[in-house]
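Number of protein chains: 2
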Amino acid sequence: MAKKITGNNQYLKELNKATVLNLIRENKKLSRKELSDLTGLSPTACGSITRELIKDGFLHETGQGESTGGRKPVMLELKPNSYYAVGFDIGMSELKMVIADITANILLQRQFKYSPGIPAGKVIELIREKFFETIDSEKLSADKFIGCGLSIPGILDRKTNKIIIAPNLSWNEVDLGTGVSEVLGMPAFMENEAMCSAICEQWIGKCSSIENFICINIESGIGAGIYIGDAIYRGFSGSAGEIGHLIVKENGRLCGCGNRGCLETYASVRHMLSEINEKVQNGYSSDIIDPGMGALSWDQIVDAAYKGDELCIEVLKKGAEYIGFAVAYLINTLNPEAIVLGKCFTDYAPLVMDVLMATVNEKALKYPVSKVKILTSEFGMNSSALGAAMIPIRKIFGK
Amino acid sequence: MAKKITGNNQYLKELNKATVLNLIRENKKLSRKELSDLTGLSPTACGSITRELIKDGFLHETGQGESTGGRKPVMLELKPNSYYAVGFDIGMSELKMVIADITANILLQRQFKYSPGIPAGKVIELIREKFFETIDSEKLSADKFIGCGLSIPGILDRKTNKIIIAPNLSWNEVDLGTGVSEVLGMPAFMENEAMCSAICEQWIGKCSSIENFICINIESGIGAGIYIGDAIYRGFSGSAGEIGHLIVKENGRLCGCGNRGCLETYASVRHMLSEINEKVQNGYSSDIIDPGMGALSWDQIVDAAYKGDELCIEVLKKGAEYIGFAVAYLINTLNPEAIVLGKCFTDYAPLVMDVLMATVNEKALKYPVSKVKILTSEFGMNSSALGAAMIPIRKIFGK
Numbered sequence: 184m185a186k187k188i189t190g191n192n193q194y195l196k197e198l199n200k201a202t203v204l205n206l207i208r209e210n211k212k213l214s215r216k217e218l219s220d221l222t223g224l225s226p227t228a229c230g231s232i233t234r235e236l237i238k239d240g241f242l243h244e245t246g247q248g249e250s251t252g253g254r255k256p257v258m259l260e261l262k263p264n265s266y267y268a269v270g271f272d273i274g275m276s277e278l279k280m281v282i283a284d285i286t287a288n289i290l291l292q293r294q295f296k297y298s299p300g301i302p303a304g305k306v307i308e309l310i311r312e313k314f315f316e317t318i319d320s321e322k323l324s325a326d327k328f329i330g331c332g333l334s335i336p337g338i339l340d341r342k343t344n345k346i347i348i349a350p351n352l353s354w355n356e357v358d359l360g361t362g363v364s365e366v367l368g369m370p371a372f373m374e375n376e377a378m379c380s381a382i383c384e385q386w387i388g389k390c391s392s393i394e395n396f397i398c399i400n401i402e403s404g405i406g407a408g409i410y411i412g413d414a415i416y417r418g419f420s421g422s423a424g425e426i427g428h429l430i431v432k433e434n435g436r437l438c439g440c441g442n443r444g445c446l447e448t449y450a451s452v453r454h455m456l457s458e459i460n461e462k463v464q465n466g467y468s469s470d471i472i473d474p475g476m477g478a479l480s481w482d483q484i485v486d487a488a489y490k491g492d493e494l495c496i497e498v499l500k501k502g503a504e505y506i507g508f509a510v511a512y513l514i515n516t517l518n519p520e521a522i523v524l525g526k527c528f529t530d531y532a533p534l535v536m537d538v539l540m541a542t543v544n545e546k547a548l549k550y551p552v553s554k555v556k557i558l559t560s561e562f563g564m565n566s567s568a569l570g571a572a573m574i575p576i577r578k579i580f581g582k
Numbered sequence: 184m185a186k187k188i189t190g191n192n193q194y195l196k197e198l199n200k201a202t203v204l205n206l207i208r209e210n211k212k213l214s215r216k217e218l219s220d221l222t223g224l225s226p227t228a229c230g231s232i233t234r235e236l237i238k239d240g241f242l243h244e245t246g247q248g249e250s251t252g253g254r255k256p257v258m259l260e261l262k263p264n265s266y267y268a269v270g271f272d273i274g275m276s277e278l279k280m281v282i283a284d285i286t287a288n289i290l291l292q293r294q295f296k297y298s299p300g301i302p303a304g305k306v307i308e309l310i311r312e313k314f315f316e317t318i319d320s321e322k323l324s325a326d327k328f329i330g331c332g333l334s335i336p337g338i339l340d341r342k343t344n345k346i347i348i349a350p351n352l353s354w355n356e357v358d359l360g361t362g363v364s365e366v367l368g369m370p371a372f373m374e375n376e377a378m379c380s381a382i383c384e385q386w387i388g389k390c391s392s393i394e395n396f397i398c399i400n401i402e403s404g405i406g407a408g409i410y411i412g413d414a415i416y417r418g419f420s421g422s423a424g425e426i427g428h429l430i431v432k433e434n435g436r437l438c439g440c441g442n443r444g445c446l447e448t449y450a451s452v453r454h455m456l457s458e459i460n461e462k463v464q465n466g467y468s469s470d471i472i473d474p475g476m477g478a479l480s481w482d483q484i485v486d487a488a489y490k491g492d493e494l495c496i497e498v499l500k501k502g503a504e505y506i507g508f509a510v511a512y513l514i515n516t517l518n519p520e521a522i523v524l525g526k527c528f529t530d531y532a533p534l535v536m537d538v539l540m541a542t543v544n545e546k547a548l549k550y551p552v553s554k555v556k557i558l559t560s561e562f563g564m565n566s567s568a569l570g571a572a573m574i575p576i577r578k579i580f581g582k
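Residue numbers (my numbering), protein chains in the order written: chain A, 184 to 582; chain B, 184 to 582.
There's no promise every hint is true.
The list cannot tell twin chains apart, which means a pair is met if one copy fits it or any two copies do.
Below, simulated BS3-like cross-link-like pairs (lysine-lysine); rule was C-alpha separation at most 25 Å, straight line [as the list claims (entries may be wrong)]:
1) 262 to 327
2) 462 to 216
3) 389 to 432
4) 490 to 322
5) 212 to 327
Hint data in this document are derived by calculation from the structure and do not stem from the laboratory.
Let the sequences and hints guide you as you build the complete structure.
Here it is, written out as structure tokens:
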């Protein structure tokens, strides 16, 4: 059926407000005259919109700009500390919290540990407790929060607003968003964790002016957040970006998905950890790794690799080579402007970037590889929590 | 820098015209009252727009619709045979031509053979000759042509309007569009051949109401045309869809790209042809294939497979299994609503679809695979020429 196209005034007004806010965000400061010129809106319409946005606390006047002949114009900018958003990243054994204001200034970041296997109800309770505890101690008013973003390590169904499956949390068919929204008293938006990282890169990171890019998160699993045409790409039913199951090795290691040789079984942190620890358990030792150390943590492995331990370096490099296969294929298939590698990858990127780049240059077609930027995220493990906090903020700008 | 948003009246008028044309195309017939209700435009504005569209020959009145109480309303529909578009598919040894009217009715399809290695200048000359010869004999006026679409088996640069590389034609840095536009006296639009197939499926095929889908063309190479959010997706520099170089076999066959084991080296028509002919040359024979037959053509191989020749069936099935790998990976990565397999694949689809589907179900994640439709194109080798002809037509509708 044909869609009805409405000439609804309220809708147009919201659109114009979002346009004004976006222009001010992009340009940092603008005068009313500049806004009128850039939007094509009449000075009267522009005056009315900015008046409302100032009254509602989204904009404020800030000193005078350069004169272009007459009086120096009053400049408008986004008002800091007027409204806030909170983002939570629900990890396997940790809740990350970020609070930011609408200018995307990060007020605080916190982490709270819990035991793996935590049920969704407990997470909702923890979110409630930590949120109110934090805003009390920071003297922030709950009324000033416009919403909450939730970064989820799993597949979401946007129609039912449920988490279909989150393997690392052992959750199926869970509606976290409604529960969180109720306890916090504000709208809550769920998003896949790799997509949250992509939102972070787009809003405050390296991809703010890039329309087509892919964020690849290396953690216990491997996933991607895809931006296409300056918009989040979730696919038909919300599961786009599941790149961890590219088969990189024929008859390779058994993967949780039931196949053999998936990218995750060589390049995810979980599998690299068990590969190294298995060898250490079977007697591997070096100047750096003593078998008496017991099972090594991820930090110890990264540390050992930087100190030159051959096994750790070899496993990290092998993983990076396989990530290179996936990156090459994404370049051929999607011809992105940038690929950002993030999360745990940022820990060891300097050790393996040469191997990864050599693989990409060998396996991808010359033309698209000559056009792509391959970057490492500057946000490390925090990109998803940061991106989650940006979700409600972006809504003000109509995104 | 900020973009200027214009309130340009001419632009709005064109937008409204495209909206009206799209609504009539989707609904086949609409009354002025229905158009006004659907667009939210005033009856006066709607009347003025339809009047212009009738005057210019895009719409006509066609009988009376159902009364909803008062007088039976006059219905409007797209006017057949008022304007035409021509599409050319530039193959390795054949030029395909399609002429259609703005209702997407196909008036004629023609093929013209040439020798592989033909230079671009000769192709332009052939296009000129065949186009004018055909419209003369069909008594079509050149004035009624709104444009020409060109389907190119290669990578295009949309900024310079040049073919960067078309390996099967041995063309580099060729500007075919300008040359064709000059000799035909109408705008010419170049597009990658797999993308042309996707345009065909979207405009007149199985994907008319599907926003995210991928067309995979199996020919001498393997390429994909990607639709995302109801729009063509070309990537950052125009080369998206080069899926033929997914590595499906470690240390496999040498590919033209320099790597080993690329999908194309097992599943493209060129490689399946040489594999079978090599074995026939080395003495393979069956009840169906006699070594005395010499080098087999593609048609003979497909024919032999349908008759039960084991070698031909085996090679086609192996190819389909590897295509299944690529399809599974595209499903995981892009979570499309549909994947359409086309060109030569349609010749042997009934023989291999079971193998392909079994592979896809095994290799893709359960959730996205449960959501996707895997289809075979109904247009066979003609999809790119048909899609090319649709390019200028779609422009009338603002696409």
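Status of each hint after checking the structure:
1. 262 to 327: Within one copy, since 13 Å is at most 25 Å while 57 Å is not.
2. 462 to 216: Neither: 68 Å inside a chain and 76 Å across chains, both beyond 25 Å.
3. 389 to 432: neither (32 Å within a copy, 35 Å between copies)
4. 490 to 322: Neither way: residue 490 and residue 322 sit 44 Å apart in one copy and 80 Å across, limit 25 Å.
5. 212 to 327: within (23 Å within a copy, 51 Å between copies)
The earlier numbered hints that this structure contradicts are 2, 3 and 4.
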